[in-house]
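Next come the chains, spelled out residue by residue.
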Amino acid sequence: MSAFLATWFVNVDWADIGWAGVDTLLMLGGSLSLTLLLGLPLGGLLFLTSPGQLHDSPRVYATVSLAVNILRSLPFVILLIAMIPVTVFLTGTSLGVAGSIPSLVAAGIPFFGRLVESALREVDRGIIEASQAMGANTRQIVFGALLAEALPGILAAATVTAIALVSYSALAGVVGGGGLGDLAIRYGYQRFQLDVMFITIVLLLLLVQVLQSIGNRLVLHFSR
Amino acid sequence: MIELRSIHKAYQVKGAAVVALKEIDLSISSGEIFGIIGHSGAGKSTLLRMINFLERPTRGRVVVDGVDLLELQEQDLREFRQGVGMIFQHFNLLGSKTVGENVAFPLKIAGRANRAQIDARVDELLELVGLERHKHKYPRQLSGGEKQRVGIARALANQPRVLLCDEATSALDPQTTRSILQLLREINEKLGLTIVLITHEMDVIRTVCDRVAVIDAGTIVESGPVSQVFLHPRHRTTRRFVQEAERVFDEDVQATANGSAARTLRRLTFMEDTVHQPLLSQAARAYGVDFSILSGRIEQIKSTTCGQMTVAVAGDATRVSEALAHLASHGVTIEEHVQ
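Sequence order for the protein chains is A and B. When you line the first sequence up against the working numbering, it's residues 1 to 224, in that order. When you line the second sequence up against the working numbering, it's residues 1 to 339, in that order.
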């Protein structure tokens, strides 16, 4: 086995791969949890203030929508660099896992927020009307009915977001963020070490597969 | 119980005002089943939603149980709505929650009962609608009729004084429709609940309602006790609804009547006792006239049996009018045949 690895993967430093894998998981875990935590209320706000909804407010909706669109239209590399001062302010560094998480979260929140908004929009209007007819207030409608009804959609959105964050995290290398993607770029691309490239791609593929199947299972479990 | 006074409702659609309801006046008494019938787009849905203020009138007042809804603040309006149940054409159940949880939802919203009380009330309600066995199922696992029963249990959770039914049987097959209407009648009698229902089916009105209002293009064109409106419709729209229900083909009547110009066409209405008496043959024997029945039906309006037929009477003119007078004296309503 080790002879096989030594012959075919000459350039691969397995300890490096291991640490890069850990970095990727840390970046993903940190950014995903913050993204879900902050993106969910954002999606709720977008939904509730959109035209014809419970708190229809053209001004709030337009403002929040514009901010979301600005963040979403910036290519991630540019966002990563533009965010450096904010990142330093928040984490004390612009490097490594900690240095990449604020940018990942800044890209993830508007992405996830939009998906949550459309998941909420998928809920039958009649459910809201029935809740209103029962005398429910907005909090009761959102927490008692809407979130439960939209849960499969929200879980699917979280899965898509997690996978998007994996691919964003590959660019974290630009600011010295580390991780598997960084390894693929520095060794695989810039030094033509195709074996390193191959290993990182396989690992990323595995990660994406695992995320997608966890997501699918959760969606299925909560679809009644 | 429910007073709608000069209700006017207009929507702004792309800057232009679209009038949905015009000068509606309605008075619904406590404990009755009141039907509102109209074609889709006639405004019946909007009218029903005035009663719990899901739709607010542009002008006019809504008074329910002595409370003027316009005077209620947000919080008071929500509390008021807890006392008004509503069921829907597409049931609007929470698909992510079990039958029991769906019925418990309005109780949780009201927030007046603890968990054990809620659970006990849910069992009681499911028993009332005959779904005890389905408490832990999800709505997806139920048939349409069972879903509507869950809807009814949910609407009754907070012991409302009024139940609003929004096309509650329109998505159900005829047999299920009958069982749901039967259930509505039962709870109306058992709980003394005032029920307001909207529908486009005359059969629904005929089966359960005490009184009916016919709505067309945002105005009420006719209203009154169901037997009155159903047997003696005055407005064109009402006549169309009645014809849909009775399947009388005017062309056939016309064709038969044209066969003999000398005959007298009359519409006879028999109510309650007169339905069971051999009045026509008695009149024929006594006055020597002949009746040919061009169309007819015997039906149940709520729990009253009534019969209505269009007849051509042939014979000596004096004898014919004597025969008709005889029928009238025995309680048969006689009208000129109208197209």
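Calculated from the structure, these hints are not laboratory results. From the three backbone atoms N, C-alpha and C, an ideal C-beta is built for every residue, glycine too. Possibly wrong hints are sitting among the right ones.
What the hints assert, rightly or not - FRET-style restraints, in silico, Cβ to Cβ: (1) A:L37 x B:K302: 54 to 60 Å; (2) B:E71 x A:F143: 26 to 32 Å; (3) A:A67 x B:E132: 36 to 42 Å; (4) A:R59 x B:Y11: 19 to 25 Å.
Stated by the list, open to error - Far from chain B, some chain A residues (derived; all Cβ distances over 12 Å): (5) L25; (6) L36; (7) R72; (8) F76; (9) I81; (10) T91; (11) V160; (12) Y189; (13) D195; (14) I201; (15) L206; (16) L207; (17) L211.
E71 (chain B) and F143 (chain A), beta-carbon distance inside 26 to 32 Å?
holds (30 Å)
Reported absence of L207 (chain A) from the contact zone with chain B (all CB gaps over 12 Å)
holds (30 Å)
Since I81 (chain A) was said not to touch the interface, does its Cβ keep a gap of more than 12 Å from each Cβ of chain B?
holds (43 Å)
Cβ distance range 36 to 42 Å for A67 (chain A) and E132 (chain B), holds or violated:
Since the Cβ atoms of A67 (chain A) and E132 (chain B) sit about 52 Å apart, the hinted range of 36 to 42 Å is violated.
Say whether it holds or is violated: L211 (chain A) keeps its Cβ farther than 12 Å from all Cβ of chain B.
Answer for L211 (chain A): holds, closest chain B Cβ roughly 23 Å.
Hey, does F76 (chain A) actually stay past 12 Å from chain B on C-beta?
holds (34 Å)
Holds or violated: is the Cβ of Y189 (chain A) farther than 12 Å from all Cβ atoms of chain B?
holds (46 Å)
Minimum Cβ separation between D195 (chain A) and chain B greater than 12 Å?
holds (48 Å)
Could you check the hint for me, namely that R59 (chain A) and Y11 (chain B) are 19 to 25 Å apart, CB to CB?
holds (22 Å)
L37 (chain A) paired with K302 (chain B), Cβ distance criterion 54 to 60 Å
With Cβ atoms ~58 Å apart, the hint holds.
Is the claim that T91 (chain A) lies outside the interface with chain B correct, judged by CB distances over 12 Å?
Holds, because the least Cβ-Cβ distance between T91 (chain A) and chain B comes to about 38 Å, which exceeds 12 Å.
Take a quick look at V160 (chain A) and tell me if its Cβ sits farther than 12 Å from every Cβ on chain B, holds or violated.
holds (21 Å)
The structure does not agree with numbered hint 3 stated previously, though it agrees with all others.
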